[in-house]
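With the sequences and hints as input, model every part of the structure.
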Amino acid sequence: MNDPSTTPNPVPNQAGAKDILIFRGAEYWPTPEDVIREVHAQGLSVRIPRNNIPSGLVKGLSRIALGHIKAVMVIENGTEDDSSASHRGEPAEPSEQALRAAFEELTQVEGHDPAIDEILARQYEHAPSRWLEMPESEAKREIFERLGVSFKPGIFAYCYYSGATYYLKPDETGAPEDLAKKGVHAVRGVIADTGELLQPDGEQTTAESEDA
Amino acid sequence: MADSMNQVELRPVMRRGCGYPKPGGVYLESQGEAGGTLPIIVVIDPPVEHDHFHRSYVYIDLDEMLATQQVSFVGTSVASAEEWHLRQKYQGIARDVFGEGVRIKNGQVIRFRDTAARILMEAGWRPGGMASAMQAARILREHVEELASLVEITARS
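Quick mapping for you: the protein sequence lines, in order, are chains A and B. Going left to right, the first sequence walks through residues -3 to 208 as the numbering used here numbers them. Going left to right, the second sequence walks through residues 100 to 256 as the numbering used here numbers them.
Everything labelled a hint here was simulated from the structure, so no lab data went into it. Predicted model, so just to flag it, every value in this text is computed and none were measured. Hints may be right or wrong, so weigh each one.
[To be verified] Derived DSS-like pairs (lysine-lysine); straight-line CA-CA distance at most 30 Å: (1) A:LYS148 with A:LYS136; (2) A:LYS165 with B:LYS188; (3) A:LYS136 with B:LYS204; (4) B:LYS204 with B:LYS188; (5) B:LYS204 with A:LYS148.
[Unchecked claim] Selected chain B positions facing chain A (in silico; Cβ < 10 Å): (6) LEU127; (7) GLN130; (8) VAL141; (9) VAL142; (10) ARG202; (11) GLU221.
[Claimed, not checked] Derived CB-CB ranges, DEER-like: (12) A:GLU168 with B:MET233: 33 to 39 Å; (13) A:GLU23 with B:GLU221: 48 to 54 Å; (14) A:GLU106 with B:GLY227: 40 to 46 Å; (15) A:LYS55 with B:PRO111: 20 to 26 Å.
Glycine included, every Cβ here is placed at the ideal spot set by N, Cα and C.
This is how it looks when you write it as structure tokens:
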């Protein structure tokens, strides 16, 4: 684990505040677009260890960069057009067009998965997620192998930090003193759909996001 | 919204990818506000390669990273939010029918909703109350083969 407290002299950004990076785990957010969808719907919320709250974050100025293990797509094998360009001395830049063309070909096959058409037609803010979200099939594996498609970790977005929140346990009425001194805001969480209070180990709590 | 007893803010929360917030946990947040000036999210195109997977957070020099990558910034849309809201509504039904560890496939949420609605209509089902919800789940389970192609087993199963 990379201990943030050992990071030497984090550099303030142009606004004079510090920025941080967190990764969203592929187990809970299979694609970066899943993270984007969630943030659009209900903002960003990242659990951190309560004994290791970052210093130097400024509301509205600090940025929380979002990383994902499949954020960057690499296409190693160029298209015929790319090869021609290379022969002409122009830069050969393998194109995502080849990937789209390959999946569009699949839609011409009778009995193909209709999800392919829908995913081709959808709007994506993180373009590589379109290809990650294509249904798994032998044809998809063949296309990825032929074009040399792979994915790498990277940063795909950022959000502006708006504060740190402590979720009260049922028997608490305020944030613990050490957290309150650091400006951590206490809230009592209730399930939006049912109005139930959040329980420490209740059924509704499914997973830790601290390491996600 | 405030807790009338001690003026603590009541925060309605919805399930996220990692579940619900945990009482006793500290969370860094970025919350957009209607009419606010901060974008809820800024998507970077192309994404910036970063080889080190970090658990928890690390400080970074984001300005430097962005400057060296010549990225552009993608405008945001409401399409992703609409997809997310639909998924929250119908994912629970998928779990009722298929069990935990099953997820509606990406791009199949609307088809799942329409197929489930058709099955229920054809069975003469009428909404209303817990018994009705249980009955709906039972009807859908009887037609599980029509919904099966729209869901997938997740890593959490």
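The hints, checked one at a time:
1. Under the criterion of a C-alpha separation no larger than 30 Å, the hint pairing LYS148 of chain A with LYS136 of chain A is consistent with the structure, at around 18 Å.
2. A threshold of 30 Å between alpha carbons decides the hint, and for LYS165 of chain A with LYS188 of chain B the separation of about 27 Å falls inside it, so the pair holds.
3. Taken as a hint, the LYS136 of chain A and LYS204 of chain B pair is honoured in the structure, with Cα atoms around 15 Å apart against an allowance of 30 Å.
4. A threshold of 30 Å between alpha carbons decides the hint, and for LYS204 of chain B with LYS188 of chain B the separation of about 14 Å falls inside it, so the pair holds.
5. Simply put, LYS204 of chain B and LYS148 of chain A have alpha-carbon atoms about 23 Å apart, close enough for the 30 Å limit, and the pair holds.
6. Annotation: interface hint on LEU127 of chain B holds; nearest CB of chain A at approximately 5 Å, less than 10 Å.
7. For GLN130 of chain B, the shortest C-beta to C-beta distance to chain A is roughly 4 Å, which falls under 10 Å, so the interface hint holds.
8. Proximity of VAL141 of chain B to chain A holds as hinted, the smallest CB-CB distance being about 5 Å (cut-off 10 Å).
9. Restraint check, VAL142 of chain B versus chain A: the minimum CB separation of about 5 Å is within 10 Å; hint holds.
10. Restraint check, ARG202 of chain B versus chain A: the minimum CB separation of about 9 Å is within 10 Å; hint holds.
11. Because the beta carbon of GLU221 of chain B sits about 21 Å from the nearest beta carbon in chain A, more than 10 Å, this interface hint is broken.
12. The hint said 33 to 39 Å for the Cβ distance between GLU168 of chain A and MET233 of chain B, and at roughly 36 Å that hint holds.
13. At roughly 37 Å, the beta carbons of GLU23 of chain A and GLU221 of chain B sit outside the given window of 48 to 54 Å.
14. As the Cβ distance of GLU106 of chain A to GLY227 of chain B is approximately 42 Å, the hint placing it in 40 to 46 Å holds.
15. The supplied range of 20 to 26 Å is met by LYS55 of chain A and PRO111 of chain B, whose beta-carbon atoms lie about 21 Å from each other.
Figure legend: structure checked against the earlier numbered hints; hints not met, in rising order: 11 and 13.
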